[in-house]
Every structure is written in structure tokens, then in C-alpha cells.
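With the hints as constraints, model all of the structure from the sequences given.
If you're matching them up, the sequences are chains V and H in order. The numbering of the first sequence is the numbering used here, which starts it at 1 and goes up by one. The numbering of the second sequence is the numbering used here, which starts it at 554 and goes up by one.
Don't read these hints as lab results, they were simulated from the structure. Each hint should be verified, as a subset may be incorrect.
Stated by the list, open to error - Within a straight-line C-alpha distance of at most 30 Å, the following computed DSSO-like cross-link-like pairs (lysine-lysine) qualify:
hint, chain 1, residue 1, chain 2, residue 2
1, H, K644, V, K471
2, H, K644, H, K628
3, H, K628, H, K681
4, H, K696, V, K44
5, V, K235, V, K5
6, H, K644, H, K681
7, H, K644, V, K71
8, H, K696, V, K338
9, H, K628, V, K471
Said to hold, decoys possible - Just a few of them, taken from the derived set where beta-carbon distance is under 7 Å, the chain V residues facing chain H:
hint, residue
10, C176
11, C213
12, Y400
Every residue gets a Cβ at the ideal spot worked out from N, C-alpha and C, and that includes glycine.
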Amino acid sequence: MAARKYDAVVVGSGAGGANAAWVLVNAGLDVALLEAGRMLNPPKDFLTHTWPWDLPFRGSGPPGEYDGLWKINEYTAHLYTNPRRERYASDPEFHWTRLRAVGGRTNTWGRSSIRHGPLDFKTQSMQGFGEDWPIGYDDLAPYYDHVERLVGINGHRDNYFNAPDGIYLAPLKPRCTERLLMDRAVKIGVPVLLDRSAVLTEPYDGRPACHWCGECGRGCDVRARFSSLDVLIPKLRRKPNFELRSHAVAREVLVDGNGRARGVSYIDARTRVDYEVEARAVVLAASTVESGRILLNSKSRFHPRGIANSSGLVGRYLMDSVKAGPVVGILPELANRKVVNEDGAGGSHVFIPRFNYDRKNHYHGGYCILVGGGFGRGISSAGGLTGWGATLKRRIREQYGATLSLRGYGERLPHYDNYFEIDPDTKDQYGIPQVRFHAPARDNDLKMMEDMYGWKEQILRGCGAEIVPYKKYLEPMGDATHECGAARMGTDPKTSVLNSFCQSHDVKNLFVTDASCFVSLPGTHGITTWIMALAWRAAEYLAAEMRKGNLSP
Amino acid sequence: MNLTRRTALGALAAAMSGATAPRFFSESEYALLDAVAALIIPADERSGGAREALVARFIDFLVAHCPEAIRANWKTRLAAFDRLAVERCGKPFLQAGTSEQTALLDLVARNENDPRTPTEHFFADLKKATLFAYYTCQTGLLKELGYQGNRALHDFPGCAR
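Laid out in C-alpha cells, this is it:
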């Protein structure tokens, strides 16, 4: 087969990859998009409306099957890589949630679409810890605009400190537990904002409005939430200068006689046949760990430690949100109320943004608090109710719809020794060397956790809730599925992997447009539109550089 | 096929009554599970309880798919619970009177948030499994709790209070 040479090959069809491809295609480049997984058919693949009793294990799946990775359950397991069958090593435990399918993890993402503010880009100079990004909020703001117009985000303009307002569709309306929280928390100085999420509150861009069944996390059967599968891929496939190759598992970045990227080698997951795709530029966006793994596995005489890794920092400064366990309260005021349909958009309609800016804290950074409550599909526990019998049954009924749970997602400081590397002992089913993780909780994480629990209790008490007994714990790193930062951007090639346009310092025609480039991870929920804004900016730059001839040898 | 007339008739009777043999527990263990689950979530005028919701059948299915160590724990703890009944009441749990059964359940439920003995673990595990099974079936979720969702709404009105 005569090799066709593309202008760019993009690896990964999730938020970072599909969006980069979209910008490159619109700039007139000839683009091939590689996706390791299969094409999905939303009405068939997303079990949005399946009842628990329609599944053998009522949604929980076979005991222990998913290794504690909470996003994987009986409704979604067929979309994800099974962590028990595709093993990776970690010490201590690391939760690596992998979804190989067209659209990647945007199929089941959390949909929170907050903008990150000026302080989040300048932690060192404005907050005194971590390191500054080489760009600031103003550099990215126009790209947030582009992304928000593409995605369709509900929200309310609150003018809240360091959480810049964006371009929003009609806001969500709070459930009763959330309304009560909004009214009460403000009295103890804790802000509660309406969420900003990628669920359509009105028809948008040819997609229907949400029908309020509350299970977006399983994938939406009608495309009422953003995913690259439903929004970007159909747009891309109408373009003559775009080609999607599914089942294409990237192995490594290929180099030419000068050490420049010349394409990507991949294995077809169905046939196990190896292929090469040649391109003038390579864009990796396979998710932080997968992209880092491809870089580290791309060894040559030019790049003995892996391509783009002259700094030795690929895999280093790995971050994920500091995620603590929940605290649950029972709101006596809401007990025994009439049961109504409170499914709403999946997840909470409100959130508590970082609110510790003005305080003197004994740890660095901050955190947001996510909220749970309403008449859910089942009860997660007996709400701390002890005992048995008729009384237990009655009290569970009374408390149904009266529980409020709070869960903190915090800032993770970049730490050199939080990292992944290639595991010399393990390969995946395609024979590609696997990674292993080293990412323990650090002192700052634990101090922040204590502060989170204190405030969660204080907020619940402020709402008049009875607090259900609980144990404090931090989830393992990776659990928030906000992993990022293992090929960070910077101005100095010795202390960073990429420049401010997500371009490799070492190899000019190699870009990484997923969360790998992150320098910091603030205490916010949701990094997807951040990834997309960065990818948009990087792809625009790539196209301009290619036009100028700056990416050719 | 070498079915005797008796097993063939037995299988036929079971099929007609809708009952199936337990996958993991013995018939007598299953009966004990079913009885205790029915006490944890009893039937009342509003809705059926754990027995009517076939909770024991789900727990049997679930435990059958657990790792070996967890399966073994269920058996030994269940046996310990029945031994406790014999110690306290002089007879197995199923033959004990209502007040004796109540006293036994209260006893093993004492430390349910921090169970220590095999019988306390038995109660804590069975309660957890019973609540999960009950509130994920139609009886528990639709009839008992009256869940109104999983249907399309034109608009989400928010809190109407």
C-alpha cells in the first residue's frame, strides 16, 4: 500500500484529540485521527435508562470486578478497559480509569465546565507555592469562548472570585436539598453556585435539550450532553480532509533520520497487524498516562530515554485532584416530603467553589465541595440508621430525599516524586510495555483533607443536618480521573517537557494536547474544557507554524 | 441423562412454583438467610418486604460470585449465628419464637458499625446486602420508596417548596 502522508496524525479521540483535530481540519490540514477503541452507537451502547433489576448484579457488577474504579459499573463496564484483565502496577494504589472508544472519556465524563482563573495559572507568583504556567488566564480566555460555544454549557454568571464567567445557556434549577444548602451555607460564609455543566438546557447545535433522567454518567442516548463522539466526530467526518481510524492502538512515535517525528506506529486491535501512519506533525492526546507511556516507549538513538524526554520529566509531576470521602447529613426539615422526580441532570446542580482565599491556611491551595442529594435511584446506604425491622424500614422511607452529602476535590501540588514510568516486567495484550505508578498522598494532601472534613461538618450543621457517622479517608490518586501533568509546559527545556503551545521542546513537530501539559491542578471540579481550550490554542499554533514552514526539517 | 422419577418430579415442581435451588447456600442456610432478611425488612401495609422481594435469592447469587474467602466467611458466620441461637434458646433460629428471635437479632446488631465477632459480622453483612438488594428491586424502589424518576421530562422545575 502506497503510504499516504498526512499533515498531522492525532492520537486519541477524546476531549484533547478530537478538538485538536477539529481545529487542524478547519485550518485546512489533512488529518488522520487514531483511536484505540471502537465506534460507539449511543442508543445501543449507553444504558442510560436501564433499571438495576434489568442487570444480573443490579448495577454493581460481579464483586471486586472493577478494582474499586468507581466509574466502571455494570452499566458502563463494556465501555471501559477492565483493570483486572489489563493490569498495571502501582505503589501505593493508583486508580487508572481507561476508556478506549471513539470519544474517549468524554462519553462518561462528569460534565463540570468551570473556567480556571488567573490565580490558577500563577500559583507561585500569586499564591506562593508550586510553579507558574508560562501562560496566564488572558492567553486562554478567547479559547474558553470557542470551546464553550462548541460544547454548550449551562450556567449562571456569578462574578465569583477566580472563577471567571463564561458563555452560558440557561442555568440548572436546584433540587430541594440544594436549595436549602444555598440558603443556609451563605449564612456561615460559604458560597454555593449553580453548576456550570455541559448538559443542554435548551436545544443547541442540532442536539436536543436534556430530558432530565439523571444518568449522563452512563453516556447519553440522545446526545444532550457534550461528548466528542456526538459533537466533534460527526462534524469531522463530513470533512474531506479528515480520516478516523478506530481500533488503532498507538505503539510509538516514529522518527526520521534527524530525530524528528515522522508518524506513529500502531497495532490494529482486531487483526493484531502492525501499521505505520506518516505525518508532518504528530499530536498525542491519548490521556495523560497513555500519552506519557507512548513518549517513554518511543526510544531511538536520538531519544534514548523516550522522545521529548531530554529533561527526564516525562511521567513526573503527575497530579490528580485530592479527593476525600464524603460526609453525609440528614436534613430533618426535608424528611417525609412528597416524592417527586428529582433526577435532573446527572450529578448535582450546585457546587461550593473554593472559598478559602482570604483565610490563613496551614496547607497550600484550596478545594471545591461537590454536593449530592435528592430522590435518587435507590439508597446508597441506610443513612447511618442502625437496627432492623419495621422501624428501620419506616425511617429509611422518611429519610429518602432528605440526605445531603458533601465531598471535597482539592488542589494537588506538583511533586517530582509523584510519577509513572515504564514497567520492565509488564506488557499489555498487544505487547506494548505497561506503566507503573508511584504516587502517594503527601503532607499537604492530608492537611487539606482535615480541613475539608472540618468544613463539610460545619456546612452540614449550618444546614441543620444530623451528621451520619463516617470515617475519614483520601481516595488513591487517579480516583478523581483528573490525572494530569506528566509532560508539563514551561519556558525552560530543562524543567519542562512542552512549551506554552503544548509543543515538545526537543522535537518541534511533536505536540501533546491532553492534560499532560498541566503545571498545576487547582481545587476545582472538571478539567475537560481546560484541556479543550489548551488543545484549541495548541492546534491553531501548530497550523500556523506548519504554514510558515517551521515544522519541516 | 439419568434422571430418576423422583428428581424429575422435584425439578418440575420447583419450576412450576417459580423457585430455583440456591446456587451457593444449602437449602437450610438459604431458609435462614431468607428468614433473617425478612426480619430486617419486613412486609407491611405499604409494600412487600425482603422475602417478597426475593432478597435471599439475590444474595445467594451475589455471594456465589464472591472470591473464595468471602464465600467461606458467609458460611461460617451463618453457622455461628445458628449456633448462637442454640446456645441462647436451646434451638436453631428458625425454630425459635418471635421474642427469642428478636432478642438474638438485637444481640448481634449491637456493634453493627464496628462488628467484631463472627455473628456481628453476619448481621452487618446481611443487613448491608439486604438493603442493597431490596432497594434495587421494583418492590423496594418503586413501591416502598415511590421513586418517580427515570422518565423523560420536558422541563426540570427544580424545588417547588
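Problem - Numbers of the earlier hints that this structure fails to satisfy, in rising order - result: Per hint list: 1, 7 violated.
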